[in-house]
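Asks: As a plain string of letters, each chain reads:
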Amino acid sequence: GQQVKQSSPSLTVQEGGISILNCDYENDMFDYFAWYKKYPDNSPTLLISVRSNVDKREDGRLTVFLNKSGKHFSLHITASQPEDTAVYLCAAAENQGGSAKLIFGEGTKLTVSS
Amino acid sequence: EAAVTQSPRSKVAVTGGKVTLSCHQTNNHDYMYWYRQDTGHGLRLIHYSYVADSTEKGDIPDGYKASRPSQENFSLILELASLSQTAVYFCASSDAGANTGQLYFGEGSKLTVL
Chain A
1 GQQVKQSSPS LTVQEGGISI LNCDYENDMF DYFAWYKKYP DNSPTLLISV
51 RSNVDKREDG RLTVFLNKSG KHFSLHITAS QPEDTAVYLC AAAENQGGSA
101 KLIFGEGTKL TVSS
Chain B
1 EAAVTQSPRS KVAVTGGKVT LSCHQTNNHD YMYWYRQDTG HGLRLIHYSY
51 VADSTEKGDI PDGYKASRPS QENFSLILEL ASLSQTAVYF CASSDAGANT
101 GQLYFGEGSK LTVL
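Protein sequence lines, in the order shown, are assigned to chains A and B.
Counting with the working numbering, you get residues 1 to 114 for the letters of the first sequence.
Counting with the working numbering, you get residues 1 to 114 for the letters of the second sequence.
Take these hints with a grain of salt, some might be off.
Claimed, not checked - Calculated lysine-lysine pairs in the DSSO-like style (CA-CA distance at most 27 Å, straight line): (1) B/Lys57 x A/Lys37; (2) A/Lys5 x B/Lys110; (3) B/Lys57 x A/Lys101; (4) A/Lys56 x A/Lys109; (5) A/Lys68 x A/Lys56; (6) A/Lys71 x B/Lys57; (7) A/Lys37 x B/Lys11; (8) B/Lys110 x B/Lys65.
It should be emphasised that the hints constitute simulated quantities derived from the structure, not laboratory data.
Kindly produce the complete structure, drawing on both the sequences and the hints.
Replies: This is the structure in structure tokens:
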């Protein structure tokens, strides 16, 4: 089954609003959580990541919230702008020393309308 | 800046034919990965490698082989291409395991099997 799941395939937000992207996971062993951004016909790039020992991490307009008991993490984008329009992929990995398996969700297409 | 290059960028293959997708990185990274992207599935891990001359199976390895002849090069081989393998394939590299840092992706290789 899908270990990392993004239940919303798409989201539309007004310019200036807050975009909230959600991700659920199944594996209790995940200890690394990340959000990647992908423009059409481009490669994914890392936006922000957190480890399981923190509940929240901020970086400019981006904030990641981690709820380990609920197996859920989210990305909040404040003051959303048209250039934020892209596909957002959540991802997680286990703590297995040098574990190399980063598992991605299906992606959520964010559209910021002006 | 991290550099991962893939070739070919686009290919049309016939069912039953052999396809080789190549990836070259100049990051001096130990880890390399092959993912495929399909609508509704996000990125799924096919094979990965953390040292030259060794490869590991990812989550969807069936129908694919991988080869890591050197630290810089990682190939994905489809011995008998099938219609279901039509997808965009992304190569990535990282300097440590996927639970420790960023993956750097190539630009993708669009494969169409007819």
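Asks: Does each hint fit the structure? Answer for all of them.
Replies: The hints, checked one at a time:
1. B/Lys57 x A/Lys37: 25 Å, holds
2. A/Lys5 x B/Lys110: With Cα atoms ~24 Å apart, A/Lys5 and B/Lys110 stay inside 27 Å; holds.
3. B/Lys57 x A/Lys101: 10 Å, holds
4. A/Lys56 x A/Lys109: 23 Å, holds
5. A/Lys68 x A/Lys56: Status holds; Cα separation ~11 Å.
6. A/Lys71 x B/Lys57: 26 Å, holds
7. A/Lys37 x B/Lys11: The hint holds at about 25 Å.
8. B/Lys110 x B/Lys65: 18 Å, holds
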